[in-house]
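Asks: In case you want the letters, here they are:
There are 2 protein chains.
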Amino acid sequence: MRYVYTLREGTANASGLLGEKGANLAEMTGMGLPVPPGFIVTTDACAYFLRSGRLPEECEEQIRARLPCLEDGTDKKFGEGRTVSVRHGSEISMPGIVESILNAGLNDQTVKIFAQQSGENFAYNSYARFIKTFGIVILGIPPERFKSTASAKNDCESFKRIIESEKHVFPQDAEEQILECVRGMFRSWNSPKAADYRKKNGIDSAIGTACIVQSMIYGNLPASGTGVCFSRDPSTGKKKIYGEFISGMQGEDLVSGIVTPEPIDRMKDIFPSAYAEIGTIASLLESHYRDMQYMEFTIEKSKLYILEVARAKRTSEAAVRAAVEMAEEGLITREEAIMRVDPYEARRLLQKRIDPSAEKRTIAKGIGASPGAASGEIIFDTQKAAELTAKGRKVILVVKDTSPDDIPVIPSCQALVAAGGGATSHAIVIARGMGMPCITSAGIKLDYAGRNISAGGVSVAEGSIITVDGSTGDIIEGEVLMGEPAASKYFNTLLSWCDSFASIRVFANADNPEDAEKAIKAGARGIGLCRTEHMFFGERLQEIQKMIMEDDKGKSLEKMMEFQKQDFIGIFKIMGSLPVTIRLLDPPLHEFLPDPDKLKEELALLKKEGQNTAEKERMLENVMSLKEKNPMMGLRGCRLGIMFPEIYAMQTKAIIAAAMETGATPEIMIPLVSSWEEMKETRSIIDKAAADFMAKQKKWANYSIGAMIELPRACITADRIADYAAFFSFGTNDLTQATYGFSRDDAEKKFLARYLESHLLEENPFLTIDKNGVGALIRIASVAGKRKNVRMSVCGEHGGDPASIKFFDSLGLDYVSCSVYSIKIARLAAAQSSIKRKEISS
Amino acid sequence: MRYVYTLREGTANASGLLGEKGANLAEMTGMGLPVPPGFIVTTDACAYFLRSGRLPEECEEQIRARLPCLEDGTDKKFGEGRTVSVRHGSEISMPGIVESILNAGLNDQTVKIFAQQSGENFAYNSYARFIKTFGIVILGIPPERFKSTASAKNDCESFKRIIESEKHVFPQDAEEQILECVRGMFRSWNSPKAADYRKKNGIDSAIGTACIVQSMIYGNLPASGTGVCFSRDPSTGKKKIYGEFISGMQGEDLVSGIVTPEPIDRMKDIFPSAYAEIGTIASLLESHYRDMQYMEFTIEKSKLYILEVARAKRTSEAAVRAAVEMAEEGLITREEAIMRVDPYEARRLLQKRIDPSAEKRTIAKGIGASPGAASGEIIFDTQKAAELTAKGRKVILVVKDTSPDDIPVIPSCQALVAAGGGATSHAIVIARGMGMPCITSAGIKLDYAGRNISAGGVSVAEGSIITVDGSTGDIIEGEVLMGEPAASKYFNTLLSWCDSFASIRVFANADNPEDAEKAIKAGARGIGLCRTEHMFFGERLQEIQKMIMEDDKGKSLEKMMEFQKQDFIGIFKIMGSLPVTIRLLDPPLHEFLPDPDKLKEELALLKKEGQNTAEKERMLENVMSLKEKNPMMGLRGCRLGIMFPEIYAMQTKAIIAAAMETGATPEIMIPLVSSWEEMKETRSIIDKAAADFMAKQKKWANYSIGAMIELPRACITADRIADYAAFFSFGTNDLTQATYGFSRDDAEKKFLARYLESHLLEENPFLTIDKNGVGALIRIASVAGKRKNVRMSVCGEHGGDPASIKFFDSLGLDYVSCSVYSIKIARLAAAQSSIKRKEISS
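From first to last, the protein sequence lines are chains Z and X.
Residue numbers for the first sequence follow our numbering, so the first one is 1 and each next one is one higher.
Residue numbers for the second sequence follow our numbering, so the first one is 1 and each next one is one higher.
Hints are computed from structural coordinates only; laboratory data are not their basis.
One copy or any two copies: either way a pair holds, since identical chains are not told apart in the list.
Quick list of in silico lysine-lysine cross-link-like pairs, BS3-like style, CA-CA up to 25 angstroms:
| no. | residue 1 | residue 2 |
| --- | --- | --- |
| 1 | 400 | 616 |
| 2 | 680 | 199 |
| 3 | 147 | 167 |
| 4 | 238 | 489 |
| 5 | 400 | 627 |
| 6 | 365 | 627 |
| 7 | 365 | 629 |
| 8 | 616 | 445 |
| 9 | 553 | 445 |
| 10 | 445 | 600 |
| 11 | 546 | 445 |
| 12 | 384 | 445 |
| 13 | 616 | 546 |
| 14 | 629 | 616 |
Please model the entire structure based on the sequences and the hints provided.
Replies: If you want it as structure tokens, here you go:
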């Protein structure tokens with residue numbers, strides 16, 4: 001039976017027999033890399049040892065027979081200064097569990113030869129280390145017994161005596177040392193520490209470990225050195241050898257940071273041939289592994305040895321550039337290039353970020369609700385924020401909870417911080433749609449009276465500068481150094497490849513011509529959600545407030561129709577022949593009215609000043625009559641359209657008028673449908689308004705009507721709703737809310753963080769779709785929709801989330817619609833999903 | 001081919017050929033009832049006529065051959081004063097569509113004989129009527145041409161001249177009159193009016209009509225009269241002939257109300273043998289039809305004729321008594337008796353009601369949220385209500401919206417009126433559970449400052465007496481005459497039969513020993529929902545408020561544990577070996593704290609008075625920090641248990657302690673579960689608390705743990721949740737809310753009424769389960785639950801709704817749990833559901 005393989009004899013695919021590390025070394029050796037010579041004792045030998053307590057006789061013979069291989073290509077013989085390392089290595093890596101034995105082969109004689117080669121101090125230090133590790137790892141003597149002194153030579157003697165006092169023998173014969181080390185490595189497989197690790201990580205104890213015996217190479221000899229390098233720049237991806245190097249030192253010294261290494265280019269002068277060899281090896285490795293590589297190397301007496309090779313860790317930016325360039329070099333396919341980029345990490349490439357090297361003092365940590373970073377003055381009032389931003393000042397709006405009042409001022413701010421609220425509350429969704437950094441549940445206390453925020457004892461006054469990081473949720477004192485978005489031409493090249501592979505398309509959520517323009521630039525194939533309510537914020541808010549409060553709504557509606565029409569014309573013109581889906585008014589009307597508490601305060605003030613309070617009182621009355629205990633489940637969506645048909649009729653007219661003028665074929669979406677009856681009723685309001693208007697104008701326009709599926713009941717009864725809908729758009733925010741019964745506004749603040757921490761939830765279901773619950777409902781509806789040839793898409797926040805996109809693609813939905821700033825990531829995720837599916841099915 | 005059948009020749013099951021009415025008359029004749037003789041011309045003849053425009057020759061012959069039958073048992077010959085009616089009658093009744101022809105057989109000669117028998121005026125009136133109807137119905141002359149004058153004799157002449165002037169012939173020959181009437185009846189089948197009616201009612205035109213020719217009987221001859229009667233008293237169900245009678249008059253006169261009829265008993269003296277015959281016929285009809293009967297009869301010259309027989313309409317009370325007594329008489333089976341009582345109508349038998357004859361002035365009409373009626377003083381404040389009821393005053397609590405503050409005072413009030421809110425809001429559910437009349441969305445305006453309510457211009461001051469009808473939603477000025485509940489010993493007898501037939505059992509929702517006692521009395525087989533939060537209202541509210549506001553909750557929890565334990569002991573003792581399901585704390589904590597607006601007002605007052613505001617300010621801070629935008633989807637249910645495990649641990653200890661003392665095996669229910677992870681986490685809190693407590697006490701108690709399934713996600717993932725649950729209890733209130741996205745608190749007020757009116761909803765889904773949506777989710781969960789042997793039940797409001805019970809029974813659920821006041825109705829509905837299923841499957 002064969003128990004021992006030299007590195008030349010081993011193969012990469014024998015990791016069961018040779019262990020993962022052993023197989024890798026064999027693979028590198030097989031490729032012709034200058035790997036220090038050595039051999040591997042197999043896991044079969046380990047199994048035999050663990051059964052019988054001894055190595056098979058053939059194994060010991062085979063080890064002895066292979067000792068000469070340790071001298072391959074080196075000028076030292078084993079037993080004459082040549083030392084070896086002995087390492088364990090199973091099929092599944094167990095890093096740090098069993099210490100490696102270094103410098104084996106040293107004894108009282110050879111240490112002297114070694115001292116001549118490497119200096120006395122280094123030689124005795126190495127010998128002492130060997131004796132100590134041998135005592136601890138192989139013989140099991142408690143580590144605290146081995147105490148080092150100032151003299152390594154003395155340590156050698158005292159360590160040997162400790163071993164003897166423990167009734168053990170320290171073998172002076174180098175061969176016996178190796179055999180004993182191999183036995184010790186096998187014995188260590190069943191140490192409590194190793195067994196515990198396997199139990200925790202679910203590793204089968206039966207696999208056993210192999211044992212690697214390899215020549216040691218010393219970088220601290222004359223004409224020697226050590227270094228690490230990458231085949232491409234790990235932070236930019238640029239193709240060039242990138243790394244560090246030190247002369248006359250060991251790998252340990254490089255790691256420990258006692259000396260400052262030099263850039264690898266410097267090797268050109270000192271070790272020109274080794275430097276050239278590294279370049280050749282890097283190319284060889286990239287061709288072999290078809291990816292960017294990391295290498296650890298040592299030069300001993302001008303000769304290069306490769307100690308370890310691994311897939312290179314890299315920044316997102318580097319990942320993109322390397323993938324694109326490797327595809328262009330023909331090293332990998334375009335599909336592979338696409339699959340190499342993590343979309344979650346790539347998201348950061350599109351945002352401003354805090355320079356990682358910047359010094360910073362974090363005041364508080366909230367939930368990062370929209371990535372990116374920004375600095376600016378803290379301002380509490382929307383009014384004041386509007387004034388300051390008008391003057392060109394950079395403002396970070398800090399509020400207790402987001403409210404509709406904030407929405408008009410959001411676009412002009414740098415960032416939004418909410419002390420409470422969830423990552424999918426209304427204002428946050430809007431801010432995220434604008435690519436603005438946001439933090440919610442910020443963990444700060446707002447003191448309006450004292451005009452400051454405080455957290456953990458630190459207080460920052462209104463007007464002070466802070467910096468927020470919307471990825472991490474950090475709120476940082478003062479201004480912090482920023483880096484520009486890292487997205488590069490390489491990323492755009494990658495994206496340009498994506499669309500041809502993706503089967504699920506990417507649309508944009510866009511509420512105005514500016515966003516439509518951005519959407520087109522980012523590669524959106526249409527608008528999947530145009531929220532008409534956003535058209536009423538800003539200076540038009542007054543008009544809708546009038547409409548709500550007046551009994552005769554006709555005049556206000558007429559005005560609103562006119563400006564909605566202009567909005568739609570603007571959007572249709574930009575989108576050309578691309579589809580535009582317009583959602584009719586969705587939020588409860590009270591969202592357009594001021595907060596009652598604020599109104600009460602204002603009223604009190606007016607009274608105090610003896611001013612006329614009639615107007616405000618009327619408004620307060622309206623607000624109070626519209627107030628609901630659970631507005632999310634109240635009078636909104638198509639319920640509003642049914643109770644106030646004149647509003648939907650007005651919006652329909654505006655849409656049709658804009659379509660007439662531009663030739664667009666709008667898709668009209670009805671929100672919050674719970675039944676086919678509602679769908680039928682609402683579509684009859686729309687159809688009638690459209691027909692009346694077209695008859696009056698004597699012009700015609702095509703349009704289609706679809707349902708926003710965002711209630712569990714709509715999913716369950718989708719089969720009937722499909723009879724009245726040309727398309728379904730899954731509103732996954734509200735659907736998640738209703739399916740879980742988690743209020744978007746309250747849950748994150750109150751318990752979601754705790755749920756995520758305790759793994760009661762693996763993901764925040766408002767960010768990544770809950771496949772088992774919400775997803776199951778979507779599946780039910782999508783099966784019904786497919787049967788009835790209904791076009792289907794998603795327009796909730798999940799439309800921009802890569803994991804969710806993969807799920808929607810698996811259901812065969814036609815497109816996802818996401819915020820303008822998520823389009824690129826969504827395109828990448830869509831392509832990856834399709835490529836993955838093809839891989840699995842092929 | 002046979003086209004004509006006498007009533008003796010026809011059979012009941014030939015309604016296709018004879019029409020419905022014809023077949024009925026034939027059936028009555030066949031039973032030997034004294035039906036006026038006659039014959040039927042079949043729908044085959046009609047089809048022939050409509051095809052060819054004429055009657056088949058055989059048909060005319062057959063009619064002529066059967067004319068003598070019209071004289072059966074009468075002393076008049078046809079053509080000698082014997083008159084007939086000619087009526088249409090298809091298989092599906094088309095009432096009022098074609099006028100009947102009366103008094104056919106009269107001509108210029110026979111009218112004189114008729115005049116001798118019935119008086120000249122009556123005879124000529126009859127003749128004129130015949131000529132006129134003949135002209136209009138048979139000949140199609142416009143009705144406005146026939147104008148009556150003071151002299152019937154003159155009318156006869158002028159009407160005949162009108163017919164002649166229209167180029168028609170009024171046949172003087174009686175046989176020809178009949179033939180012509182039959183043709184006219186057939187022709188009328190295709191009149192626009194008839195065709196229109198059939199189209200509207202979806203009646204197939206191909207069925208055609210039959211034509212009934214029947215001797216006329218006159219009650220206005222000497223020794224004659226007419227009347228109607230029931231086989232049992234239609235308002236009480238008592239077995240005796242009940243009806244009215246008038247001497248010497250026609251049926252028309254009785255119906256028109258020109259004369260006041262006498263009670264039917266009076267016939268004993270005037271027509272003793274006819275009276276006796278009616279009794280015999282009533283028995284005969286009941287045996288034949290196996291149900292209570294209604295009859296119309298005429299006596300002509302002392303001889304009784306039965307003109308019409310139908311199933312008797314009756315009150316709920318009568319329905320119950322008649323069904324029970326018929327079963328006891330052996331006329332019907334017990335199952336049939338159970339099926340005869342409409343559970344929705346029977347519900348009224350269990351409540352006080354407004355005397356139908358009472359005069360009343362309704363001020364406003366809201367939604368009847370809990371049936372029954374009550375009078376009392378209007379009071380706006382819970383505080384004041386508590387004071388007055390303590391003095392024994394009858395109070396109707398009128399509030400804007402129900403709030404937890406109201407709950408302690410509710411039991412002592414007569415009724416609850418909420419200006420806003422829904423029929424399933426918290427306080428209403430509680431009030432309904434107590435059988436208290438409630439009205440929501442009352443359509444009144446509350447003026448707290450002016451201390452009055454107003455609606456439609458009427459204003460009623462606080463302290464004034466009103467009466468409310470919780471069935472109709474009426475709010476009535478002053479005190480109105482009341483009737484006691486109509487439920488009788490008969491209803492209880494019926495119920496005693498129900499349980500042996502029902503497969504789905506009925507449990508009670510009961511939160512205290514008093515309700516448990518009532519539940520047992522009403523026949524509940526266990527408690528399916530014991531809401532622990534209700535144990536914290538009243539004077540204990542302070543304790544839970546302390547617990548919420550204190551950082552160290554230990555001491556408050558200790559106190560709460562003690563009184564909860566006493567509550568459970570009380571309930572367990574009453575329930576004995578019957579199961580008791582206890583739901584752990586469910587509502588958001590802020591429900592236990594005062595309303596923030598009220599607190600603010602109180603604070604302002606305290607400040608004004610210069611008093612210490614610290615306590616109130618702390619409370620306000622707490623209230624504000626607990627405030628949620630959509631509390632229904634916020635921090636409640638098991639989320640609360642997970643965030644504050646000490647609360648559920650305390651409740652568990654109280655339950656286990658009570659179980660130790662009484663030997664009960666409590667079922668502990670976890671509310672608002674959305675995932676198996678939550679279920680696992682919560683049950684580990686409970687199991688640990690129970691184990692610790694038992695170890696400390698060195699005593700043992702059995703218990704089981706189940707999940708309240710009230711979120712769509714719980715239904716969808718029930719399969720996994722079942723791994724941690726011994727039972728599922730469907731909380732259909734919250735499940736309906738989340739599935740539709742309809743807030744229970746807001747929907748009824750804001751749009752549900754409109755939805756019901758417009759048939760966007762066929763039923764209020766909070767009262768009758770929505771089978772297609774919510775029900776489909778319950779079905780998914782119940783299939784999963786059954787597979788894993790989970791016991792299943794319903795504890796939402798729908799548990800007391802008959803239609804919903806039928807649905808739950810069809811899913812094979814084990815029991816429904818409903819408020820104490822719905823138990824009896826639920827038992828009836830449960831039995832009916834099982835009987836119906838057996839009928840269908842047999």
